[in-house]
Every structure is written in C-alpha cells, then in structure tokens.
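Trainee: If you read the sequences in order, they're chains A, B and C.
Heads up, the first sequence is in this note's numbering, so the first residue is 1 and it goes up one at a time.
Heads up, the second sequence is in this note's numbering, so the first residue is 1 and it goes up one at a time.
Heads up, the third sequence is in this note's numbering, so the first residue is 1 and it goes up one at a time.
What the hints contain is simulated information worked out from the structure, not anything from laboratory work.
Just so you know, not all the hints are guaranteed correct.
[Said to hold, decoys possible] Restraint ranges, calculated between C-beta atoms of paired labels, are given here:
#1 C:S377 <-> A:A616: 53 to 59 Å
#2 C:G505 <-> B:P99: 36 to 42 Å
#3 C:P633 <-> B:E533: 35 to 41 Å
#4 B:E490 <-> C:P633: 37 to 43 Å
#5 B:P306 <-> A:D530: 47 to 53 Å
#6 A:D530 <-> B:R251: 52 to 58 Å
None of the values given here were measured: they were computed from a predicted structure.
We put the beta carbon where it would ideally sit given N, CA and C, even for glycine.
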Amino acid sequence: MHYGGDWNPEQWPEKTWGEDVRLMTEAGITLVRTGTHGWARTEPAPGAWDFGWLDRALDLLADAGVDVVLSTMTGGPPPWLLRRHPEAAPDGTACPSGPVRHTYATRLVEQLARRYGDHPAVALWHIGDVYGSGHGCARPCGCEACEEAFREWLRARYGSLDALNSAWTTAVRSQTYGAWEEVRLPGHAGSAGECAPDPARLLDRRRFTHDALLGCFLAEREVLRALTPEVPVTTGFLPLDGSVDQFGWARHQDVVALGPAAGSGEAAGTGGPLAAAAAFDAARGAGGGQPWMLLDHGPAEGPWPPGALRLRAWQAVAQGADAVLPAPWRQPRGGAGRFRAALVPHAGTASRMFTEARALGHELAAAPAELEGSRVSAVRAALVLDWPSRWALEQSPAAGLDAPGLLLRYHAPLLRSHVACDVVPPGRDLTGPGYRLVVVPHLHLLSVLDARRLAGYVRGGGHLLVGCCSGIVDESARLHGNGWAAPLRELLGVTVEEPWPLAEGVTVPVEGGPAGSGHGSAWAEVLTLDGAEAVARFTGGPAAGGPAVTRHSYGDGVAWYVATRLDAGALERLLGAACARAGAEPVLPGLPREVQAAERRAADGARFVLLLNHGARQARCRLPQPMRDVLTPGRDADAPVYQVTLPPGGVAVLSAAPPGA
Amino acid sequence: MHYGGDWNPEQWPEKTWGEDVRLMTEAGITLVRTGTHGWARTEPAPGAWDFGWLDRALDLLADAGVDVVLSTMTGGPPPWLLRRHPEAAPDGTACPSGPVRHTYATRLVEQLARRYGDHPAVALWHIGDVYGSGHGCARPCGCEACEEAFREWLRARYGSLDALNSAWTTAVRSQTYGAWEEVRLPGHAGSAGECAPDPARLLDRRRFTHDALLGCFLAEREVLRALTPEVPVTTGFLPLDGSVDQFGWARHQDVVALGPAAGSGEAAGTGGPLAAAAAFDAARGAGGGQPWMLLDHGPAEGPWPPGALRLRAWQAVAQGADAVLPAPWRQPRGGAGRFRAALVPHAGTASRMFTEARALGHELAAAPAELEGSRVSAVRAALVLDWPSRWALEQSPAAGLDAPGLLLRYHAPLLRSHVACDVVPPGRDLTGPGYRLVVVPHLHLLSVLDARRLAGYVRGGGHLLVGCCSGIVDESARLHGNGWAAPLRELLGVTVEEPWPLAEGVTVPVEGGPAGSGHGSAWAEVLTLDGAEAVARFTGGPAAGGPAVTRHSYGDGVAWYVATRLDAGALERLLGAACARAGAEPVLPGLPREVQAAERRAADGARFVLLLNHGARQARCRLPQPMRDVLTPGRDADAPVYQVTLPPGGVAVLSAAPPGA
Amino acid sequence: MHYGGDWNPEQWPEKTWGEDVRLMTEAGITLVRTGTHGWARTEPAPGAWDFGWLDRALDLLADAGVDVVLSTMTGGPPPWLLRRHPEAAPDGTACPSGPVRHTYATRLVEQLARRYGDHPAVALWHIGDVYGSGHGCARPCGCEACEEAFREWLRARYGSLDALNSAWTTAVRSQTYGAWEEVRLPGHAGSAGECAPDPARLLDRRRFTHDALLGCFLAEREVLRALTPEVPVTTGFLPLDGSVDQFGWARHQDVVALGPAAGSGEAAGTGGPLAAAAAFDAARGAGGGQPWMLLDHGPAEGPWPPGALRLRAWQAVAQGADAVLPAPWRQPRGGAGRFRAALVPHAGTASRMFTEARALGHELAAAPAELEGSRVSAVRAALVLDWPSRWALEQSPAAGLDAPGLLLRYHAPLLRSHVACDVVPPGRDLTGPGYRLVVVPHLHLLSVLDARRLAGYVRGGGHLLVGCCSGIVDESARLHGNGWAAPLRELLGVTVEEPWPLAEGVTVPVEGGPAGSGHGSAWAEVLTLDGAEAVARFTGGPAAGGPAVTRHSYGDGVAWYVATRLDAGALERLLGAACARAGAEPVLPGLPREVQAAERRAADGARFVLLLNHGARQARCRLPQPMRDVLTPGRDADAPVYQVTLPPGGVAVLSAAPPGA
C-alpha cells in the first residue's frame, strides 16, 4: 500500500525540506504528490524557467525512497499569464477553449516531461489539479471562443443543421436555426427561449463544457505520452461531482484518483462513510475495477476526528485503493486552506494528528504485501450511474430527484446489508461479472440501446430493480416516442400513464409487499400493469390505488419497478427482498449493520476480508470460517480467528484461506 | 361555447396533421390558437417567406370547421434576428424600445394580415404571445435606447423638468435634475440615490416599461386594424400578473384572453380555484363585462388531476368566458414545455386525459346555445384593484402587504358566501352597475380624484369597505399632504395618526364587532375617530386600545375601515356583516361554503345558474325555486329541479325561468 | 445638552421655513444638521453656485439662536456629476479613487468654507454623509483607477514585491507575483485563486477600501482645516458598522458622531437598548472618552414607540453624549425616507411624536448645566474591539463567530450587572484608566505587539478574560508560527491543540466552575494546560473531557480563557465571577437587572448618576447614599432621595455630592 500526502516544498523555506523528508520516513510515507501549485515558482515569467528548486526537492525524495506523483502544475496558472491574457479568464471563469491555456500549459508540460520523465522519484504524472467543479469557478465560460468551439462541437456531433434542429426540437419555440452562426451558448441571446431554454441545448452545453475540459487534459496527456510513454498518468476527480463524467474521462487515464471529499462545490455533502462508500465504488467502477488512489481527501476546515484518518484510509483500501494520500502533508501558514486538516498540523509533530498519521503509516507498511494489487471480489450487485442522465435530469420537473442523492439512497442499504456492489455506467457489460442484482436508481435519460442491454441482462436470468422517472427522455432530452418510458415497457411489464412531480414536503403512502408500510416523495407515477404484478400500491396521492412497486418475470430473470422515491426504510426492506430473491449474498453473513465488509482477492488467489466499524458502539463479528488476523501488531500470525470484536472506528484485516489451501 | 387548445403544427411532421384534425373533430374542438411559435418557420431568413405550411394547416382546419385564433407569431423572434441585431436583446432581455422589433414584427404582421385576413378559418388575431412577466425575461431592459425612450416618456408625462423634479421630490436626495440628459433609468447611475432609489422614479420605470410593452402591441394592432379591420384582436394576460395593467391594456383589445395559470413568474401561485376565481373576475372586469376567453391554462408541469379540466373550464364559463382553450393540444416531445399538461398527452388518446378532454368537448357542445353571449349577472359587489397602486406598494415599507395576496384575502370570503363580484379599476363607474358593496382591499396609491369618486358612491347610498394602508401616496408615490390617508379622512371619518409596519411573524390582537376575536399582521395603524365609530379595537401592539375596525355613516351610505391586515376568519366574518348590512345578497341563498355559484343572463332574458363544487365532499344545494337541468345528458329537459347534489368537482348548469316566463 | 435633528430646508418651500424655525424654538431645539442633501441645490450645474437659499436658511437659524452642524454636502453628488463622469460610479458603485470626487468635492468644500466658516450659526462641519456601509452601495469599487490605487497602497505598505509575496503567502496557490502590474483587486482576475481568494489579499482589500474612503474624508478636512481652523469637524459613523474602523478614523475628527441606528446595512440589527449600549460605548471609546453626538438615529420605517425617543436620548447622554440629534426634523413627502420617524411627523404638530419631541427638548434644557462637558466615570472594565480583526475573521472558518455578535454577547452581561465599561482598540493603554477587568471577546487577528500589551496589563495586576479563536492569525491573516494562538500561550497558560469549527446548530456541553452548566457553539478548542487550571470542562463534542474555561495566575494578575462561544447564561455567570474576583464593581450596587446605570463626573467634581429602565415593568432602585433628583419637574431640589422608582422607560438623573461636599 502506498501512503502519503501532498507535499508543497515551494511554500516553505528550503532549509526545512530535509526535516520534512525525515519526518516522512519516520511516518512511513512512500508516495507524495508534488508540484500542484508550482507553476509560478517554475515559470516566474513567460518562458523563464526555474527548475532548481524542484530538482533539489525531487532528489531529496529520491534519496529517502519516497516516490512522487508529479503534477503538471497546470491547475493554477501564475498571475502573469492572466494579466497577459485576460481572455484566458473572461468574467473570472477559466476558459477551456482559447489557445492560451493550451499553448502555455503544453509548453510547461513539455519542459517537465523532458526534465523529470526519467527521474528516479517520479512514479506518476498528475495532470492539472482537479477538473470540473474544482476547476476555475465551475461556471461554464461563455466567451466568443467558447461559442465558436461550441458550434464546432455541434457540427461534429450532428453533421447538419437539420439534424441539430431535430435533436433540439427547435420548432417548439420558434428557434429553428437557419445557419450555424445563429447557434449560441445558452444564456447569451435574449429571446424568449433564454428564459426557458431548451433542455436539449442545455444538455449539450453540459456535454460541450465537459469535452472542452477533457480537451485541456488530453492536450497535456498527448505531450506526456509522446515524451514519457512509460510513466502512467492520472488526474483528480471530486467524489461524484456532477460536472465530470468520471466513466468517460477515466478511459483516458492510467490510474483513477479520487480527490477532496468535502468543501469543494458539490462534494461538500459527501463527507460521511456512506457517501464515501458510494464515491469509492464509483471510482473503482471508473477504472474498470483496477486499483485506484485516494488523494487530498478529508475535512475542508478543522481536524480529522480521532481515528477517522485511519478508518477512512482502510475504507479506501477495502473498496479497492492501493494508494492512500488522504491529506496535505503540512498545514500552510497562509492561503484559503490554512485550516484544512494535514498530516503535520499547525500544532506540530507532538500532536494527536501526526501521531495518528505515523501510526497509520506503520500499519499500512506492515499489511500483507499481497493486498497491493489485489482486486475487490465477492461483488454480487451493480448500481448504474450515468452523468449525461444526471445532466438531463436537471432540466426535468423532477426537482426532488437528484442523481447523487438517489444513488446514495439505493447504495446505502446494500452497504448496510454487506452486499458488495460496483457502480458502473449503463454501457458496461452486466452479464460478464456475475452480478445477481442490478439496480438502476433512475436513468432519466436512457437510450434505446442501453434499455436493450438491461433487457438482455434480465432475459439471461439477471434480476433488475429500476427506480421511477427512468427511461423518460432520449439522448437529446426529448421524450421517447410512444408514451412514457417506452423503452422499458416490455422489460418492466408496466406502462407509465401519468408521471406526477410532487412538491417539496408532499408524501404519498405506499403499502404492501416486502417494503411494508412506507411513503414516496418527489415523484409518483400512475401505472398500468402489462404483465407485471403489483407488489405494493399507493394508498393516497395522484396514483392512489395504483401499483407503487411491481415485479415482472422476464425471460429467465426478474424486473422490479419502483414508481416513486421510496423512503429509506421501505427501500431498504425492498432491496433486502430483491437481494434475497436474486441470491445477491453478503460478503459475510450475519454482520452488524454498522460494519462495512469487503473482500479483496490477489492474483495468486489469496483472499482478504476487511471489516470496518463505522458505528459508535463496539461491534462483534462472528466469522463463518476461521481466518487469520494479518493486521493487529503482536498477533499470533497463525492463530485461527473465529470472531472479531471491533471498537468504534475499528478495522480488521483477515486472511481467508484460498480455495485450494 | 368555443372549445379548443393550442395547435402547433410546425412542431410535427405534416403527415400527422390530418390525424390531429380528425381527433379535434372527435373531441368537439371548435377553436384553436395556431402560429404562436411559427415565426422561425414562416420567415426562416430575413424577408424569406414560407407560408405554404400555414396555408395547408389553416385549410385543413377550415375544412373541418375548426376556427382559428391566429397568432402574429411575434412572441418568439427567430435566432437569426437576435444574431443580426444583438441590440434587440441586450443583457438577455427583450428590448421593447429599439426599432428592430417594431421593424421586423410589423413587417411580419403585414404579411400575415394580407395573406390570412380573409381566410375562412381565421376568427381572431392574437398579437404576440404573453406580455409582461412572460415576455422575455421580465427584467426591464436598460439599454441606451430605453433610456432615451424613458426620457421621451417623462417629457411627455411631465412637460418640464421642474414638474419632474417636483413629482419625484428630487430635492430630498440631492437628485435635482438640471437637464433631461441627466435622467437615467433606475439602476444605472451610481449615486447614493441608486441604493435607495426614489419611489417615484421606480414607479415611473414600472409605468414606462409597461407603456413600452404596450407600444409593441399597439404597433402590431395598427397594422391589423388597417388591413383587416373586421377581425377582432386579442393578446394573452397572465392571471393577476404584476407587470401588465390589465385594465388599461384591455381598452386596446377586442377580446380579453387570460393565459397560463401556473409556473410562469408571478402566476405560479395562482393555481387553486380561489385564485382562479379572482383572476377570472379581473379578466371579465378588464373587458368591461364582455365575454372573455381562457387560453393555455393549467399546470406548468404534470397532468391535470382527474376532473380538474372540466371543473376549471366550467368555472371560466361561470365567470363569463365564452371560449375555453385550457391547454396545449398535444404535448411536444422536446422543449421546456415537454411535461406540461395537454389535451392529447404523451400517453396518447387512450389516456384518461384525452378521454376527459373529449367528454368536455361534447358537454360544452350540448350546452344551451343562449349561454354563449350571455353576461354574468346578479353581481352585488365590486372589488377595486389598481396596477399603479400595486407598483407603488412595492416601494413602501408594507412588505407584508402584497396586492395579489390582499385581493385574494378579500375576494375569497365573497366567493364563499356566493356574493358575485366584479373586479374593477378605481376609475370605473361604481354607481351605475348597482353594486351594494364596494371593497377596496387597499389602494396604497390613491389620487384625490379617485378618492372623490369613492366618496360620491357612498354619499349616494353605497356601502364601502376600505383596507389599511390605503390613500397613503399620490400618483407620484409622494405622501399626500395634510397627514396620512388625507383624501379618505372625511369619507372614513377617521384620521390615521401613525402607520406601523409589522415585522414578519408579528401579530396584533383585535376584538369586537362582527369580526369577533381575531388578529392583524403586516400593518397596523393608530387611528383617531373623526365621526366614525369603533367596531373593533386592537387589544395589543402599537395601536393597543385604539380602533381596528370602524364604521362611518356618510351621506346615504356607510364606509367601513380596517386598520390592519385581518386574519382570514375575522375578515370573513366582517365581510359577511358588511354584505348583510349593505344588502349584497348571494346568487343563491343557503349554499354550502365550497360551492361556487354564478348567474349568467342572456340578451333575451334567459337566466342560467351555474354551480360548481370545489370541495372534497358531496354538496347538496337546495334551490329557492324550481329550475331545469340543462347539462346532464339523458335528463328530462322539462322536469323541475328542486335540489342539486354535486359530487366533488361536480358542475350543474340550470335554467331559471326568465322574469316574464 | 444640545438637542435637535436634521433640517433639510431645500426639500420644502421657503415660505414654510419660518414656521419650522418657530417650532424648533418651541421644542427646545438648539442644534440642527443642515445641508446634507444640498449639493444639487447649491451647485445646480458644474461651477454654477447658488448660495442664496442657504444664506437665508442659516440666517433664520442664527436669528433664532439655533446652532448648525453644516454638512459639506458631498455625501450625495448631483445627477450632472455622474452623467458627466460615469467613471465616478462604475457599476453603480461610488468610486473613491478617481480624481473626480476629489476635484468636485474639494471645490465645493472650499466654497462652503469661505462663505460660512465664520457664519454665527455654524458650530461644526460635517464631512460627507455616512462613510462605509452607508456610502454608495457599500460594494467596493473595482475600477482600473482603484486597481492602480490598490497597487500604490500595497507598494507603500510593503515596500517590495518580495514582502508582499511573503505577507500574502502567494506561493501557496501559485500566485507569486513577478511584477506589480500583476496584482489585481480580488474578484477581477480569473485564476483558481479567485474562487478561494487568499485571506491576506481580501484583508488588504478591506484595508485599502477603508483607506480610500478615509482619503475622501481627509481631502475635505484638509480644505476645512486650512480655511476654518477654528471650526471643529465630524462625520457620521454607523453603529458598529463593519466597513469603517471607527477607532482609526476618529483620530482625524474633532467630535465623534454616531449615525443611523437601524435599516442601513449592517446597522439594521442594532436597534435594541443592548445593541445601542455597545455602540454608544464604542463611540465614546473612539473619541477617547470625549463627549460625542448622536445623529439621525432611530427606526428606519415607522414611528418611535411611545417614550422610546426620550429613553434613547437619555441613554446616549448616560453613555457620554453631549448632543442628541436623534431624528430628521420633518418627514419628507417623497424619497426613500418618507416613512422614517421624524420629530415633526407627517401627522403634524398635534401628534404624539411632536409632543414627545417637545417635552424632551424642555427636559434636556432644564438638565443641570454641569452635565454638559462631564465625562463618563466609575468605569471598571474595558472590552477590546478591533476592525482589522473583524475583517480577518470574515476569512476564517469560524462562520458562527461574528465580531459584533460576540461583542454584544460579552457587553450585555456587564451592562446588566451595572459594571461600566469602555470599548477600546487593542492598541489603547489598558493600565492607565484603572480597569479592573479587560475582556477580549476575541481577537482573531492579534499582533505579537498587542499580545505583549495584554500580557503587560496582566503582569501589572490586571484581570483579563479572553474568548476563543483569539490570537490565531497575524497582521497578514497568516497563522502565527509555532502553533495555534502562540502569542497568548504564555499569558493564558494554555496551548490550543486543535481548533474545531462547529456547524450551525451543533452545541457542546460545558460543566463546572462559576459558569455552571452550559454549552458552547460555533467553535471549540482542544486545550492542554501549561500552567492554567481548568475551571470548566467540555463534557461532549470534539474536545470532550478537556478544559472549556481556564484561569491562570500570571504576574500579579489573572488571565481567564474561554475555549468556545458560551451560551448567554453561562457567560453571564462567568463574567459575574470574573468581575467579582477582579473587583470590577457596579456603578451602584443592588440595582434591578433591566436598569441601566451610569455615572458622569464634571471637571469641578460634580457627580451625576443616571438610571434608565429598559424593562417592561416598574423598577425600584435603592440608592447606597442619599442623592438629589435634578430632572423631575416640580421636585424639591434639595430633598435627599433614598430610592428611585422608575416606570417602564423611566429615566432618573441624580446628583451625588462631590467628594469634598
């Protein structure tokens, strides 16, 4: 396991660097990210290069055996660049389209690649800082260059104006385009259409902005691939952040890195263990199951609570991380991040924080070597998430249905029942990995092709549970023809007659089936049954008397449908029943609710079980077979363990005999 | 009764039009609005005309006997216009002042008038789409052209700078103008005055913006009047929308049309039957009692609840409408309105919605022919509403008093006690129509002339009930000289000593008289009696011990005054007492509270009583005299009806024998 | 005692002036502010002067014996100035940096000084209107001129770019400046740094904006000092307003004037007697204990409640004011201030308001002459307040700690226990005035020098009580080196290990010592004791088990520390104990809680005790020694008074025998 933090030597007098590196060694640090905010230091004036400081810093690390994730530094352009090129940040927003960023950024990256590509300390390139909500001010740029780029992007996507007019259904608001020049970024022209902009146009702005950011990334990657093909490449994702399609983006990275947990835009609410678990599963899903790294995580302001650093680090490992860089190395004296938790806090090295950081380093170093490189296994369920569908949902009347919220709602019950799950895009193969249950919290935007993929999975014997408001619009945010949710009708065995958005605070009662007594909110649908059976019914609201939960035998499998946003308790009961029927079994049976369980399996078949207690009370876990404790210092390495007792925040790593042992 | 919806053929393949028209015939559709979003299709490039599609669409309708409200299409300019003339929408706001809109719009209108003025299907012109909050983004434009137009408008209104300086009391903030060029639209210069802009200047900006919008309308109307003098003209109002003075504007229309009920700006809260009732009475009042039309009404997102379409349609008829086009004809696949209720919903023609729409068409077709053209009668009360007073109120400290809210507060008790009322402007003749009670919920801005009109009405024997905060400012938002509410002092027999704005959540107890025990909020006044008697008193708050409700015998009439915003219960009791004393009798006596009652009388004396049950329970209505049921299919047309039992949402149309029958 | 209001003759026909002045005489008015909004009248066009109206107005006042605070009129530039120089108000914000304001303003001031410097009525110059939140729109201007001025200001403050880069720790976010031209006002460039701007840069923008406003003031003062050296100078402060450092600014004034109490920006919440008391003590503190004046105070909208004008006026006197101009003279008919309380309200001179205003005038006139010029005495405590620290706190994670709120939290208990206190800046001498207890509600920004000053005070025997989150950052908003709150460590005998911001609504229980059972919120610190003893401990939250309140014997004094924001009850108990131990005695012992007590002592030794009942019930005050009632009309002037009974809102002024009498 790699372990470390963000080291920013440019913030500190050079005479303190040696002490920093010595402390790293003491704390078991093996990997640091460096250079993130180094552009101004490295290129203090256009084309004037100063690499000496970085040479010395990297040499120090190399001598101490600490590896480096070297940043391309392009996340933070220096003041001279913006002064020289105000068009690089019109209206205070970093512009991804103009030539400036590409010119200066790629020139810098070339310098870095040539100089450090074969430096012994450099293990990985980190491009930029964080894209998406953390990039610039998150507002999309709307300058003329972006408008031009938007038109180019549309031309490439649609080929002809006719196709664009059709996809955007421009006829609906007298917005039919007669020439490409007439197309503007939303928010810029002043027609009536700007008050209620076309959903398809807004969706394409989201896509375009995303692709423009990706273009910045790819321009740098191209330089690195050419000059240092052997050094892998990454960049930072914000947990479940809305602006970057992590599934699409990750295809261009060698390693997925998950960045700040809290305080940065949409990520602010993702601080608890349940939210982290969903984001971690999505990070693993983005990388197709490969090991990933946790980067610059933790509270935005104020310390890590006692024990929390260790628990979060092991949670990342349990969910597939092989590198944990959970915090800045040292709290800076100035800047907006002064109060952010760091491994070496302002209070110094005698502090509780550094004591915990050091202990964690020693613990990770003592963990079994086979854990590194092993893969998360015993996964029985998958949750389907889709960024374009999230973007489309923003333009729908389903104000109460937000994609990350829904994902957490469906993910948490699986976590609590210890059913391991992958978070994957709708285009991912669902049959191969042996999923027993696939959960679609909702896919407001669903292509006919992806709907067929879901149907194929069920036909082949899979179990599927679909949440309301799915399959409503196509890739252009248009209603599917032939009625609501038409692409899912045959699969689900129901017809959606009327979708009802519910105002905030309105609930509708639901009764029956494994969900028991519960209620829905945000959205409710009037259904008619076309083959499915009603498992629960609405007993009030606009769909009163109609089915609320249905089940449909389809091919060799089963398709459930939930026609509202169920309350957490009812949803947990329902998912429990669906798991049971599907044979989606927990990692270990009979564990306490607050314990997270995971399994990782090495290439040689070695199998590790990780148990984490997120609860506030001691948790006793009986093991279904004797295992060996491979974490506790001073343990008898060969003694069989039949039961583990975890204090609050406690972690256990157990070795289970490989099948043939 | 005309019945229909918005048909937008340009959104659909031409091959589907025939089916649409066939379905219209099946559903009893007799009138559709067409062309609203047709500009881009009709003029795909500047001056390049394409009328073929519309020729064919109108011919189809004419062949099927469906009449057309033909839009002038100018509500939504095509993309090429805004690309060519960015000044038509500076800052994303449609500019009403520049020459562009007038040039292009009138050119289009001329083409339409010449081509379709005598088309057999065309029954009515609809100018633009919706003015006011629904026009552009509702923010007033502040471009240089508007500034220049503002100065011209002021010059015309005030004649001289001295008059302007006096009206705006510019001396108060060192804002005395020495030249017309110094006058700016509020929000554009940076003096201290911009932080706390002069109320008079803000009021005149409201007036100017209104008149500029009206100018757009009038420019089109002028073309139509010249070329097609025989075709009447309308445009759409939003229910009680704040930005368009419906009373002033309606003078320039042949028919009043009331547009979207919910989701568009200020109209969002006007969805319930009480709010609709107030807006419908105001629409009838705007047209001076003439029949009006309901247009493009209904929920912004999601379906009409079961039965609601029928109930709302008949409510419009009960309150004087002769044409009901309550929804778009067909839900579009794209655009912001994809989820809006339509007669043919996305779920198709087998749906509940289309079934209800068709049934309503047949019902309206079977209604007595004399109902069309008849006028609302048995009106015993009037409520006075004034748009400039609403605008002035926005600049007052009476944050808790908003004009539409107050109107509903005073209108609902009359509706519930079945006293029919008109909603009229303060300049309307109050003596002629035989009103027994005139209610002035508040007229913060009240001219001395209008105050005299009220006094004249009371002197002649009328009863008047005035709400607090009335008569405070003059036409220029200045305090009237000679003390608070001076123009009403003699009429009301009270002097307002101190007006107290109350913070949100603060209430003051009120006791005594027909109002019983209640409380006031938002505003309370310290009064001294100058002839009036105290009917109720404040028992707490800043006016504790002083009169809260007063009554004054003035001439042959009676003037009530309410010195606070009374809670709904107390106000209902008070209005009940005022009606009783005034002899303002209900349409029918003894009806249940949740039933709405109205009478329409035809030119030949035929009298119809309409009863609508807005409640959730069955309502039994005993009739004071036998009537005849003219709505229920299969009824015995001559059987006398002594009692009507209405299910929830139920409607009855009864024929009462004319006086001489 | 001077008494009066704001008289704005330019708002009224000249024929009414005589009546106004007659009413002033009748009401005992001795001092009015005039000219505040007179610029447009005086200079209707550039360089065209009209002084006749002001000549006549001032002569009228002089003839009636009413003195004048003459405004320099520059608070409200006339429309022609902004039309001619749009750059004076870019983006609607008054620009303090451009040459325009200085040019035109100083030219006007020169005219006024030459013409009225020796007018018999003119007693005082009032420069501008209100600076800070009331000046322009409070948003700081960001025009190119201001940017240039900002760089000049930085150059003067830091000398070199290296010093600036160090102070701002620019290396932290790749913001190192290579040239002065690269430095921008925050909010203007578009780098990542603009999303999370550097706290030091934001702090310096606050300082710069402040100094730019001060520069406007000083430019005018310079003209006045040169031409009318004998006329003292003032300007208006908003109570505890955040944007003007009243301590720094007051050094440039001859008299401190405290302006509007409510409704103007940050002052809005300062309406109650507790808030007024804190603001009044700060106004006195700003003037170094000299008499100050109350100006244009009172409710923003709506009347003064009965008795409130008198009570507030005497409260000002009790806290050191010698001039009370608590309201506009007359309510204007127009403008945004139409509804603001005035001495002559819209209801006229027979009104309750004018009756009260006149009675107050007579009462103040009859008060003992020695009261004027006397100083507030018997002050036993001081509260330390610092504007730069307030500004730095805005950039901290301590969202729940706002400086005025904390000040009130600590000030109110002292007021309620009748311990008189000064509000002073951290640089003020604490040893000289004989303070027994110095309270530091918090000084987030604390220089090492000021920390030493506090230590010196305690070493010399003083008692000190410091609130949490103090001493965290230095003058550049950087964390102090060597750990949290390092400059206070030795003095307080504690080390702050971890500062924890608490989310809104989170509380942590505190138990023990004089504070008893209570709770903290907003902020909590983990402390270790380095010599101090724990007086109370946290029994929950992130610092559970650790000290919450500590006490440390240091030199000859005692230093308390409170590691959280204590609830009001616990804080009151704690402060009571700290006062008792320190010997900080009340003005009079045994008074009811709701009574405010103050002492003023004249140069000749005459001693007055003022008692004010802010409660809703009668309050009985036993005097420790017989005194004489010098306020009640018809009193026996020599009768000894042993006890005073105050009705709600009641005021007593008592003469205590001087030491040698």
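Trainee: For each hint, tell me whether it holds in the structure or not.
Mentor: Against the structure, the hints:
With their beta carbons about 57 Å apart, S377 (chain C) and A616 (chain A) fall inside the hinted range of 53 to 59 Å. Taking the beta carbon of each, G505 (chain C) and P99 (chain B) are about 57 Å apart, not inside 36 to 42 Å as hinted. Judged by the Cβ atoms, the range 35 to 41 Å given for P633 (chain C) and E533 (chain B) holds: they are separated by roughly 38 Å. Range check, E490 (chain B) to P633 (chain C): about 39 Å between beta-carbon atoms, so the 37 to 43 Å window is met.
Take P306 (chain B) and D530 (chain A): their Cβ atoms lie about 22 Å apart, and the range 47 to 53 Å is violated. For the pair D530 (chain A) and R251 (chain B), the beta carbons lie near 56 Å from each other, so the given range of 52 to 58 Å is met.
Checked against the numbered hints given earlier, this structure breaks hints 2 and 5; the rest are met.
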